[in-house]
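Undergrad: Please arrange chain B with the ligand on chain A, whose structure you already have, making use of the hints.
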Amino acid sequence: MVEIKFLGYLTDIAGVRKKEVFIESPKPLKDILPPSFPDKNIIILIDGKPGDLETFISPDQSVTIMPILSGG
Amino acid sequence: MKGYAGKLLRVNLSDGKISKEEIPESMEREFLGGRGFAIKLLWDEVKKVDPLSEKNKIIFSTGPLSGQLLPSSGKMVIASKSPLTGGYGDGNIGTMASVHLRKAGYDVLLVEGKSEKPCYLFIEDERAEILDASELWGKNTFESQDLLEKRHGKNSGILLIGPSGENLIRISTVLSQRGRAGGRPGMGAVMGSKNLKAVVLRGTGSIPNFDDEKLKEYAKKAYEEIKGKAAYPFWMRQGTMQVFEWCNENNCLPTYNFREGVFEFSKEMDGYVLEKLEVDRKGCPMCNMQCGHIVKDIKGERAELDYENVGMLGPNLGMKTLAEVALLNRMADEWGLDAISLGSCIGFLMEASEKGLIKERISWGDFEGTQRLIREIGMGEGVGALMTKGVKSASEEMGKDSHRWAMHVKGLEVSAYNCHACPGMALAYGTSPIGAHHKDAWVIAWEVATDRFSYNKEKVEKVVEFQRIRGGFFESATVCRLPWVEVSFGLDWYPKFLEAITGYHRDWEELYRIGDRIYALIRAYWKREIPAFDRSWDYPPGRWFEEAPSQGKLKGIKVDREKYDQMLSWYYEIRGWDQNGIPSKETLNRLGLGEVSKEISL
Ligand code: SF4
Numbered sequence: 001m002v003e004i005k006f007l008g009y010l011t012d013i014a015g016v017r018k019k020e021v022f023i024e025s026p027k028p029l030k031d032i033l034p035p036s037f038p039d040k041n042i043i044i045l046i047d048g049k050p051g052d053l054e055t056f057i058s059p060d061q062s063v064t065i066m067p068i069l070s071g072g
Numbered sequence: 001m002k003g004y005a006g007k008l009l010r011v012n013l014s015d016g017k018i019s020k021e022e023i024p025e026s027m028e029r030e031f032l033g034g035r036g037f038a039i040k041l042l043w044d045e046v047k048k049v050d051p052l053s054e055k056n057k058i059i060f061s062t063g064p065l066s067g068q069l070l071p072s073s074g075k076m077v078i079a080s081k082s083p084l085t086g087g088y089g090d091g092n093i094g095t096m097a098s099v100h101l102r103k104a105g106y107d108v109l110l111v112e113g114k115s116e117k118p119c120y121l122f123i124e125d126e127r128a129e130i131l132d133a134s135e136l137w138g139k140n141t142f143e144s145q146d147l148l149e150k151r152h153g154k155n156s157g158i159l160l161i162g163p164s165g166e167n168l169i170r171i172s173t174v175l176s177q178r179g180r181a182g183g184r185p186g187m188g189a190v191m192g193s194k195n196l197k198a199v200v201l202r203g204t205g206s207i208p209n210f211d212d213e214k215l216k217e218y219a220k221k222a223y224e225e226i227k228g229k230a231a232y233p234f235w236m237r238q239g240t241m242q243v244f245e246w247c248n249e250n251n252c253l254p255t256y257n258f259r260e261g262v263f264e265f266s267k268e269m270d271g272y273v274l275e276k277l278e279v280d281r282k283g284c285p286m287c288n289m290q291c292g293h294i295v296k297d298i299k300g301e302r303a304e305l306d307y308e309n310v311g312m313l314g315p316n317l318g319m320k321t322l323a324e325v326a327l328l329n330r331m332a333d334e335w336g337l338d339a340i341s342l343g344s345c346i347g348f349l350m351e352a353s354e355k356g357l358i359k360e361r362i363s364w365g366d367f368e369g370t371q372r373l374i375r376e377i378g379m380g381e382g383v384g385a386l387m388t389k390g391v392k393s394a395s396e397e398m399g400k401d402s403h404r405w406a407m408h409v410k411g412l413e414v415s416a417y418n419c420h421a422c423p424g425m426a427l428a429y430g431t432s433p434i435g436a437h438h439k440d441a442w443v444i445a446w447e448v449a450t451d452r453f454s455y456n457k458e459k460v461e462k463v464v465e466f467q468r469i470r471g472g473f474f475e476s477a478t479v480c481r482l483p484w485v486e487v488s489f490g491l492d493w494y495p496k497f498l499e500a501i502t503g504y505h506r507d508w509e510e511l512y513r514i515g516d517r518i519y520a521l522i523r524a525y526w527k528r529e530i531p532a533f534d535r536s537w538d539y540p541p542g543r544w545f546e547e548a549p550s551q552g553k554l555k556g557i558k559v560d561r562e563k564y565d566q567m568l569s570w571y572y573e574i575r576g577w578d579q580n581g582i583p584s585k586e587t588l589n590r591l592g593l594g595e596v597s598k599e600i601s602l
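Going down the list, the sequences are from chains A and B. Just so you know, the working numbering puts 27 at position 27 of the first sequence, and the rest follows in order with no gaps. Just so you know, the working numbering puts 91 at position 91 of the second sequence, and the rest follows in order with no gaps.
Looking at chain A on its own, in the form it has when it is part of the complex:
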């Protein structure tokens, strides 16, 4: 099970703040996200480490995707 957490406006695009996706084998992150998902100005952390939409995700990993912000 891959746990994906969305922050900020990306929750609007994903439709949820958190979801679990079942995959059998490693897959590029973009394949388990909605097709309309933005590819710019986002931060992707896979088990806490920076990644991108092409990064292969294994079934037991957790992903956090958040927008680039510029502070209060």
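Heads up, a few of these hints could be off.
DSSO-like, lysine-lysine: derived pairs with alpha carbons at most 30 Å apart [stated by the list, open to error]:
#1 Lys585(B) - Lys47(B)
#2 Lys214(B) - Lys103(B)
#3 Lys214(B) - Lys19(A)
#4 Lys7(B) - Lys103(B)
#5 Lys5(A) - Lys221(B)
#6 Lys320(B) - Lys19(A)
#7 Lys19(A) - Lys55(B)
#8 Lys553(B) - Lys30(A)
#9 Lys267(B) - Lys18(A)
#10 Lys5(A) - Lys555(B)
#11 Lys40(B) - Lys40(A)
#12 Lys40(A) - Lys553(B)
#13 Lys40(A) - Lys7(B)
#14 Lys47(B) - Lys19(A)
#15 Lys227(B) - Lys30(A)
#16 Lys40(B) - Lys55(B)
#17 Lys563(B) - Lys400(B)
#18 Lys150(B) - Lys49(A)
#19 Lys139(B) - Lys150(B)
#20 Lys5(A) - Lys229(B)
#21 Lys19(A) - Lys40(B)
#22 Lys5(A) - Lys400(B)
I should point out that these hints are in silico values taken from the structure, not numbers from a laboratory.
TA: Coordinates of chain B with the ligand only, in the frame set by chain A:
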């Protein structure tokens, strides 16, 4: 140059003289406006003076984009020699005063001298008067705003101070429109020292632009573009408060006087809680991204919240609910205290109490005690007397190693980002031209996205790039920086706006150069005013180097001092400053500031 009124209004409160002066076109070209004008005027006119004496001057400054019918343009810069830091101080504020100043036919209002009695300025187009403020003195900023609106009309541009500014508390700021604030490094105290309670502006003219038709066409498209952005609906719901969850997730939420980067009650005060409590929304003039979220505080009063204030008065003090934080924030606004510095001062006192360094007992999360402290700080009484000059001075008075956890740079309290695991952001704070504020370079998102633990030159280059755009351009243009990153509004719009307004094309390369000139002059100002100024002033607080957080995914991580030092050297190198952070003669010459070197003995 078109797009500027080309006029400065000078008001001397000592002799009552009011005069109009031309702003030379060279100043418009070389310094753009806003912050650029402010540092040029301070450099020329405010030398080696006590910031709270009548010799200091306070500058209300706009740029060519301010007050125009353009996205998020209702901003102005308020600047002075800072009584909190002793160096250059400024802040931007979203206010109708920006629009009215421009429409009254001025780019800059400069106030000097000191009135014998409490006064306020009333400026309406050609007319400018110094009026009696005895009825307003002592009143909080909400009551004063009501009174002035009743007298001069609801739509007037009003800038004012609260009782803390009157009491010369150096963390006092300037307020407008019941909750907009600007001028963190003590601009409210400077107004107080002049017995100046408020400035009321009314302008009915128009700004002489080069091509109004073009500008209208751009504005229409630009507003539409912003509204159509994918991030827009969420921004409208949470505004800057979305940063709360973001910071907690990334372990950089200021918690318990910056000891920790995650907060156990974060779910009680994040942007989703705000959405539930919100009763109204407000914004700066000309903005379709209104980010002032109004909630009812725990006593049912309206309070305007944004991330910085919530971060510093919430987790930093261990408060448990957003409704409590809203009340504390409302009190800060009423008193005219900067909520960021106030949160830092109270966090400092709570830690001092915990360590047994002060007699008063005030524990983390003590809501009643915090309200009492706000009143005492606003009055400069009781234990609040220790905080009248901010945490730097308090720690010097207290001794016992408290400087290690007095969270400031150059005397200005750190705003709401904990940087134990963000060395690039620590550098941004270290090198910010006013002290530890985030507006010049919020590099933290970029570093989290790439490699937050590294100390490479690319990171330093990024700090400089952000400073050029944010601290250089946006602060001088003078418009809000938020549309750019928060909803990805294109930077390529801004040279187009400038060209339609002024008739001159300036690309980003030239705008960067203007930013560099402004930064170099601000640096020279620090050096001239504080001869001991050197690289040690560009270090963040000891806590980030010495004490790692004990909670969260990044517990145990702190900033490496030697590597920070290397980044600082790279920073100076990129900027063309010497190893003490002073612009070299060659750099000053290159930026057309050759004359400056004599005054800082280069
Ligand atoms: S985005 Fe917020 S701070 Fe910026 S101009 Fe709009 S209301 Fe003001």
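Undergrad: For every hint, state whether the structure bears it out.
TA: Going down the list of hints, with the structure as the test:
With a CA separation close to 20 Å, the supplied pair Lys585(B) and Lys47(B) stays within the 30 Å bound. Under the criterion of a C-alpha separation no larger than 30 Å, the hint pairing Lys214(B) with Lys103(B) is consistent with the structure, at around 20 Å. Distance hint between Lys214(B) and Lys19(A) is unfulfilled; the C-alpha atoms sit about 47 Å from each other, more than 30 Å. Taking the CA atoms of Lys7(B) and Lys103(B), the gap is near 12 Å; set against the 30 Å cutoff, the hint holds.
Under the criterion of a C-alpha separation no larger than 30 Å, the hint pairing Lys5(A) with Lys221(B) is inconsistent with the structure, at around 34 Å. Between the alpha carbons of Lys320(B) and Lys19(A) the distance comes to roughly 28 Å, so the proposed pair stays at or under 30 Å and holds. The hinted pair formed by Lys19(A) and Lys55(B) fails the criterion: a straight-line CA distance of about 61 Å is larger than 30 Å. For the hint linking Lys553(B) to Lys30(A), the alpha-carbon distance of about 26 Å falls within 30 Å, and the restraint holds.
With a C-alpha separation of about 15 Å, the suggested pair Lys267(B) and Lys18(A) falls inside the 30 Å cut-off, and the hint holds. The straight-line distance between the Cα atoms of Lys5(A) and Lys555(B) is roughly 21 Å, inside the 30 Å bound, and the hint therefore holds. At most 30 Å may separate the alpha-carbon atoms for a hinted pair to count; Lys40(B) and Lys40(A) exceed this at roughly 38 Å. For the hint linking Lys40(A) to Lys553(B), the alpha-carbon distance of about 26 Å falls within 30 Å, and the restraint holds.
The hinted pair formed by Lys40(A) and Lys7(B) fails the criterion: a straight-line CA distance of about 43 Å is larger than 30 Å. For the given pair, Lys47(B) sits about 60 Å from Lys19(A) by alpha-carbon distance, which is inconsistent with the 30 Å threshold. A threshold of 30 Å between alpha carbons decides the hint, and for Lys227(B) with Lys30(A) the separation of about 27 Å falls inside it, so the pair holds. With a C-alpha separation of about 17 Å, the suggested pair Lys40(B) and Lys55(B) falls inside the 30 Å cut-off, and the hint holds.
The suggested pairing of Lys563(B) with Lys400(B) holds, with an alpha-carbon distance near 27 Å, which does not exceed 30 Å. With a C-alpha separation of about 56 Å, the suggested pairing of Lys150(B) with Lys49(A) is violated against the 30 Å cut-off. Pair hint Lys139(B) plus Lys150(B) holds up; C-alpha atoms about 15 Å apart against a cutoff of 30 Å. A hinted pair counts as satisfied when its Cα atoms are at most 30 Å apart, and Lys5(A) with Lys229(B) qualifies at roughly 22 Å.
With a C-alpha separation of about 54 Å, the suggested pair Lys19(A) and Lys40(B) falls outside the 30 Å cut-off, and the hint is violated. Proposed proximity of Lys5(A) and Lys400(B) is contradicted: the alpha carbons are some 44 Å apart, above 30 Å.
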